[in-house]
Each structure stands twice: as structure tokens, then as C-alpha cells.
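If you want the building blocks of each chain, they are given just below.
Protein chains: 2
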Amino acid sequence: MRPDFAKCVDGLVPVIAQDVQSGDVLMLAYMNEASYDETLATGRAVYYSRSRKKLWRKGEESGHVQKVDSIYVDCDRDTILLKVEQIGGAACHEGYKSCFFRKITPEDFEIVGERVFDPKEVYQS
Amino acid sequence: MRPDFAKCVDGLVPVIAQDVQSGDVLMLAYMNEASYDETLATGRAVYYSRSRKKLWRKGEESGHVQKVDSIYVDCDRDTILLKVEQIGGAACHEGYKSCFFRKITPEDFEIVGERVFDPKEVYQS
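Those sequence lines, one after another, are chains A and B. This note's numbering applies: residue 5 is where the first sequence begins, and numbers increase by one. This note's numbering applies: residue 5 is where the second sequence begins, and numbers increase by one.
Treat the hints loosely; a few may be bogus.
Put simply, identical chains are the same to the list, so a pair is met inside one copy or across any two.
Dumping the calculated BS3-like pairs for lysine-lysine here, alpha-carbon to alpha-carbon at most 30 angstroms [said to hold, decoys possible]:
(1) Lys57 - Lys11
(2) Lys71 - Lys124
(3) Lys71 - Lys107
(4) Lys101 - Lys124
(5) Lys124 - Lys11
(6) Lys58 - Lys11
None of these hints come from the bench; they were simulated from the model. Since this is a predicted model, take the numbers as computed values, not measurements.
Pulled out of the complex, with its shape left as it was, chain A reads as follows (with noise of 0.2 angstroms):
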């Protein structure tokens, strides 16, 4: 069983990132056939960067690695789900637990996230 990658978008399937501790979702990426394989062969996340056009092993510059525990294919095999532990507690490039840090208000929204590191101490670019 494997998702069906020729059926998606440039042979890209969405992957969603669980925390498998607490089940936050953490963010949603994308992954083609070479990194899913990758993440089965190493137990950490490799996701395809669609705006570097190349693979992205998660973690490679912050060290803020994802360790598979698990992987699930939906209904149609077009989506998956890791399972994954965060290493530093953060998933989020701007430092929060999670990508999905802002709620929706009907006033516009409010911070909800955990924030984990300042971006400006992890990433020097």
C-alpha cells in the first residue's frame, strides 16, 4: 500500500504532521515519491519544498528534526499522516508548536500558539 502519487498535483501528495504525544496538528506539507521513500528509509520527515523545487528534510537547518512514529494513508490514498515526534518542540518556522497558531475571530483573529524559539536566534540567513 502506497499513496497514489500519480494522482495528485505535480505527483504531489499533503501530508499532514501530527504530534503524536499531544495530537496537535503541527502543519501540512507536501511530499513526492523520492522524499516519502526517504522518510520510510530514515524514520524522519522529508518533505518536497514546492518553492525550492527540491527535497526538504525537515530539520536540516534549525535541528528541529521530525521522527516518524507512524504513517497513515486516507480513503483515497491522496493524502497522508505522520505521526511524528518534533524534536525542539517547535514544527512552526516562526518558532510556534504549530503552523496553525492563529484562530479565526469574527473580529479578524487571536494568537493561540505556544511560541518555542525566536526565528531570528534559529535561522541565520
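Starting from the known structure of chain A, arrange chain B on it as the hints suggest.
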């Protein structure tokens, strides 16, 4: 604060539906701007069906609607997280609580999800 529909392929933003009580990831679907606005207005999840090319009022056939508890956008404003109460207990058209009922194993896969209903009894087509 709104999702950035213009940024997404065909104006469709991926939406992760998560059970607000259990934290289970239920499904991934897509919203266009009209479905997002109807979701906000009605408090029920309305998606855009890419296969049927029209608004998909989740549960309109099965009665298994999703009551929206809260809505989150990610750092890039190109993914939505919906926390929902899944009426009927099953989000998947195959009768499972979650569409992610198959866990990948080294051999193949195993069914780990809980089947709540028999699709043949719910969908009379």
C-alpha cells in the same frame, strides 16, 4: 485575517478537519472562497468537491454534518485547520471515524480505524 485563496492551485485551500474532542485527524478536503464563507456563516463545514466541481455541504446526503468549533490558519495562510464535532461519529464515506484508517506497515498496511457505519446502509445510490 482570511486564508489566501489566490495563492493556492485553482483557488482551493486544503482543509484539515480534526475532531475537537478526541484530537483525531478526520480528513483532508478543500475549500474555495464561497465554501469558506458559507462555513463561517452556517457553522457547518462546507467544502469544494474537486471531482464534482461544486460546493460540498459535508453530510448533506448522510446527515453526518460537521459542526465547526473553531477555525485556524497556518503561518503561510494557505492551509486551514477546522476543529469540528462530527455528527454520526464518522467522517469517512467508507464508514470509518477517520479517513486515515490504514496504517502503513513494512509488509503492507493494517486497518487501525474504527468502523462506525456500513456505507451501503447510509448511501443509497
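So, against the hints stated earlier in the document, which numbers end up violated here? none
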